[in-house]
Structure formats: C-alpha cells, structure tokens
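Take the sequences, apply the hints, and build the full model.
Residues per chain are reported as follows:
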Amino acid sequence: AQSVTQLDSQVPVFEEAPVELRCNYSSSVSVYLFWYVQYPNQGLQLLLKYLSGSTLVESINGFEAEFNKSQTSFHLRKPSVHISDTAEYFCASRGAGSYQLTFGKGTKLSVIP
Amino acid sequence: SQTIHQWPATLVQPVGSPLSLECTVEGTSNPNLYWYRQAAGRGLQLLFYSVGIGQISSEVPQNLSASRPQDRQFILSSKKLLLSDSGFYLCAWSRPTRIEAFFGQGTRLTVV
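Line by line, the protein sequences are chains A and B.
Going by this note's numbering, the residue at position 96 of the first sequence is 96; the numbering climbs one at a time, nothing skipped.
Going by this note's numbering, the residue at position 67 of the second sequence is 180; the numbering climbs one at a time, nothing skipped.
Please keep in mind that the hints were generated in silico from the structure rather than gathered at the bench.
Being a predicted model, the structure only gives us computed values, none of them experimental.
C-beta: ideal position from N, C-alpha, C; glycine also.
Warning: the hint list may mix true and false statements.
What the hints assert, rightly or not - Simulated coverage check for chain A against chain B, where a stretch passes if three residues somewhere in it have a Cβ under 8 angstroms from a Cβ of chain B:
1) 36-48
2) 93-101
Stated by the list, open to error - Selected chain B positions facing chain A (Cβ under 8 angstroms, derived; list incomplete):
3) W120
4) K192
5) F216
6) Q218
7) V224
What follows is the structure in structure tokens.
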C-alpha cells in the first residue's frame with residue numbers, strides 16, 4: 001500500500017521569504033504525485049501534479065515541486081511567499097491502476113507579516 | 114467546465130440520528146466519485162469510491178454507507194450516527210481516463 005509522509009505539521013515563515021514543504025512517498029513501480037491546498041473550512045484545490053515527464057512541475061501561483069525518484073520525495077517550494085499562501089498543504093500519491101489517493105497528514109503554512 | 118456541489122456545508126446531529134450527505138457533479142459524464150473523511154491531525158481517508166451507477170467500493174469498515182443512484186450523484190448515509198463519525202467529509206470526482214481528482218467544498222459534521 002502507498003504511504004505519504006509530510007514531516008512538518010506546521011511551518012511558520014515570514015512574508016517574502018522562501019519556503020519548502022517536505023513530502024516523501026513510499027516507493028512504487030509507477031506513482032503519480034500531487035499537492036493540494038486547503039483554505040479554512042473549504043475543500044481541497046489541486047495545486048500541481050506529477051504524472052510523467054519533466055521532474056519539475058510548476059503551478060500558476062509560483063509554487064513548484066520536484067519529483068526525486070532516488071529520494072522518493074516530492075517537496076513543494078516557493079521562492080517568496082505571500083500572506084495569501086497561508087493554508088494547509090497536502091501531498092498525495094496514487095499508484096498506477098489504483099483509484100485511491102493516499103494523503104499525507106498535511107502541513108499548515110503560516111505566513112507572518 | 115465541471116463543477117462539484119456538496120451539501121450541506123455544516124451539520125450538527127445527535128448520536129443515533131440518521132445521516133444523508135449529497136454530492137453532485139456537473140459538466141461531465143460517467144465520473145469516478147469518491148467520499149473522503151478528514152479528521153483532525155489525521156489527514157484524509159478514503160471511505161468509498163464508485164466507478165458507475167450502483168457500483169460502490171468500501172475502503173474501510175465503518176458505520177457509513179454510500180450509494181450512487183444516478184451517474185453524477187453520490188450519497189453518503191448512516192442509519193445511526195456515532196460520536197466518532199464527526200469530521201469533515203469531502204466528495205471528489207475524477208474522469209475515468211485521468212489521474213487527478215477534484216474536491217467539493219466539504220461538509221463539517223458534528224455529532225453531539
């Protein structure tokens with residue numbers, strides 16, 4: 001079975017500073033990886049995804065994640081955060097042929113003015 | 114474009130009462146549908162998924178059931194709620210040929 005580990009439950013960071021949210025997944029022959037963002041009392045929004053091809057994937061709001069097969073990681077990064085980035089971020093994986101998304105426990109990003 | 118609707122947004126129910134949460138998807142046909150539960154500090158857990166009308170798969174034994182009476186409708190039910198059923202319930206959909214899933218706004222259920 002797939003598993004996803006988000007090592008940090010909370011990450012405080014000052015506005016305009018860089019941030020990295022860490023995610024490690026259990027190894028599988030073929031795996032798809034995702035980052036979702038959740039604002040308070042709302043559903044999850046897909047931030048970015050890795051399906052195949054280029055190992056660096058980007059979102060429209062400045063986040064990027066890099067698929068690292070040797071380290072089984074898919075860390076999320078942003079070079080300069082904004083107040084509006086304050087939210088909870090979930091890393092998820094899906095094995096080939098599986099219907100199930102396996103989620104990490106989430107990382108709460110707090111951007112400090 | 115596709116949209117997913119989930120209601121109600123919040124619900125407070127007494128222990129032992131029944132439950133019905135509804136989810137509908139618009140703008141697509143034959144979607145895969147999912148119910149997840151999010152408990153504090155525990156991430157999201159897949160409860161049920163469906164690949165077609167009347168086809169329901171359960172991922173974990175529990176006090177809840179799911180039904181799919183129409184192609185784009187997915188219902189989560191319980192005959193008698195338990196305190197442990199409290200949580201944030203999220204419906205999601207995906208295209209059969211695509212990998213990513215899209216989520217509704219969720220229902221905050223509090224069993225008292």
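Tested hints:
1. Counting residues of the segment 36-48 of chain A whose C-beta sits closer than 8 angstroms to any C-beta of chain B gives 7, which meets the bar of three, so the coverage hint holds.
2. Taking a C-beta to C-beta cut-off of 8 angstroms, the segment 93-101 of chain A contributes 4 residues in contact with chain B, enough for the three needed, and the coverage statement holds.
3. Given hint, B:W120 at the interface with chain A, is violated; its Cβ is 12 angstroms from that chain's nearest Cβ, farther than 8 angstroms.
4. Evaluation of the B:K192 hint against chain A yields a violated restraint, the C-beta minimum of about 26 angstroms exceeding 8 angstroms.
5. Taking 8 angstroms as the C-beta cut-off, the interface hint given for B:F216 holds, the closest approach to chain A being about 4 angstroms.
6. The interface hint given for B:Q218 holds, since its Cβ lies 4 angstroms from the closest Cβ of chain A, which is under the 8 angstroms cut-off.
7. Annotation: B:V224 was flagged as interfacial toward chain A, and the flag is violated, the nearest CB pair being 18 angstroms apart, outside 8 angstroms.
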